[in-house]
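Engineer: Put together the whole structure using the sequences plus the hints.
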Amino acid sequence: MSANRVAVVGVGQTKYTAIRGDVSLPGLLREAAYRALDDAHLTMDDIDAIVVGKAPDFFEGMMMPESYLAEALGAVGKPLFRVHTAGSVGGSTAIVAATHVESGVHERVLTIGWQQQSVSEAMWALSFPIPFQQQLVAGAGGYFAPFIREYMRRSNAPEDIGILVALKDRLNALKNPYAHLHEPDITYDSIKESFMLWEPIRYSETCPSSDGAIAMVLASESAAEASSAESGVPPAWILGTSMRSEPATASGRDQINPDAGKECAADVYRQAGITNPREQVDVVEMYVPFSWYEPMWLENLGFSPEGEGWRMTESGATQMGGDLPVNCSGGVLSTNPIGASGMIRFGEAALQVRGQAGDHQVDGAKVAVGHAYGGAAQFYAMWVVSSEKP
Amino acid sequence: MSVDPTEDRSVSVLPDGLWTQPVADVPGGDGEDPVRRLTVPAAMRYDYTPGLAQSRFLRGLAEKKILGERCPVTGDVYVPPRGVSPVSGLRTTEQVEVGPSATITAFCVVHIGFGVNAPPTPFVSALFLPDGAAVSLYGTMGEVSHEDVRIGMRVEPVWVDDDQLTTSMENIRYWRPIDEPDVPADELKGHM
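From first to last, the protein sequence lines stand for chains Y and G.
Using my numbering, count along the first sequence one by one with no gaps and you end on 393.
Using my numbering, count along the second sequence one by one with no gaps and you end on 187.
Hints are supplied without guarantee of correctness; some may be wrong.
To be verified - Taking CB as the label site, the calculated pair distances span:
| hint | chain 1 | residue 1 | chain 2 | residue 2 | range |
| --- | --- | --- | --- | --- | --- |
| 1 | Y | G255 | G | L33 | 47 to 57 Å |
| 2 | Y | G367 | G | L33 | 44 to 54 Å |
| 3 | Y | R281 | G | E89 | 42 to 52 Å |
Keep in mind that the hints were calculated from the coordinates and are not lab data.
No residue lacks a Cβ here, since even glycine has one placed at the ideal position from N, Cα and C.
Structural biologist: As structure tokens, then:
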């Protein structure tokens, strides 16, 4: 980053689950926020501003919930800013929060992403019939499955690559106490035999519907070092942030390997001084809601030549013991509170370089990438964090 | 759009209760059964102003015509037209009739039932590139087994009966194969 340094000094997550019936929405957010503040050894009084993000309001049928949630968010009398970028919103929100500090305006900013999928049906929200518009009568999977089929055709990848991704992510989730799906009995065969939803996507290759929230505290250099001295945990220094978007429909657009994703990755690597991402990045949290998006994004983000991302998955390179572990937390395939999912990727990247990831910690991780995408694979957000101050 | 507010609209239907949301327990008063679930019907009525380009498109549909509009810089024809080119950002002014024949650029086979106007499962949801257009339209396939659908397959729209035609995308019931050779898949890149 060219301006003031920014670091993550606190991360707090709720337990993710199908329905958090034990807490209200304000309670859910407070749970994540307090955990992040505890992690940072700070209190709500130390926070200068709050930046929030969630998926589009019609997913839950509640307009502008940030207004009534101001007290729960600790935002009374403080600047409160909401970000809207569909499924990538958690990542974009973290970046906007970082710019609040990078600009020098604020010292400590609390950022929160959340979703209560239990009070709605996102599948309906993505498929309701509007007579004057084109209709996709098949939900989000119905939108992305054709692009996965086209990826399989172009790359000639073996048909079971998606199964390998799902198995890896669901087994990784067993090491993450916050993950929604804990399926200790899952196997290659159980995934292969699971119900085919949107051919070629099976049930066990699809993200769940989750409730949950994640919060992070971002701090200036001096505030980060003070917080770290209190907590004894090193900050996750932000080496670069980037957002890119492209039109959903445009002649020449390649939905399988979108330009906006490639440009987002190139921009964030340039800021972070990364010239060989496969070599220089230790761990990646990328947004993989359907299994095949792991090889697709490995190519899009420059970790693999085009058409060969599946080889990394097949060889085990993306497993926790591989040379580029991907989604050690279990990823979106194991936890999907939509508005939080992008921020969970960013937060998990921070946990890895702070050495706080517990059983899914990659030993000695110094440089981590967080990635989110949204809309019609048209909105991208990424950051690179490091244990070493830039 | 007319909505019956009393209609309990089923949304997605999966076998064996997959994805069914667990029911929350909300304690009632002494001796009362807990409230387990509240279904609250909601409806909104909209007056929709489609704008010039989309109005032309929708009026075309009422005459079984698919009308796109051309980008003045690249020459690409966009459908449905939004009045501006997403590439150049300039206003589209020339109307161009495209199709009705089209080519499948991408598809998937859907095994989930969707309550509203969806075909019985399994059905094919696909992107259809009308002849002369630069981008594809969404729709479903009919009159063919899902196992026979291919990228590059040539198709045509099946319209509702003439007395049912309105200014709506719903005028196209589905698409069906026509007896023409497939278009090579690599020629369709960039036109999904």
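Engineer: For each hint, tell me whether it holds in the structure or not.
Structural biologist: Verification of the hints:
1. Y:G255 with G:L33: 47 to 57 Å: Cβ of G255 (chain Y) to Cβ of L33 (chain G): about 49 Å, so the range 47 to 57 Å holds.
2. Y:G367 with G:L33: 44 to 54 Å: holds (51 Å)
3. Y:R281 with G:E89: 42 to 52 Å: Check passed, 47 Å falls within 42 to 52 Å.
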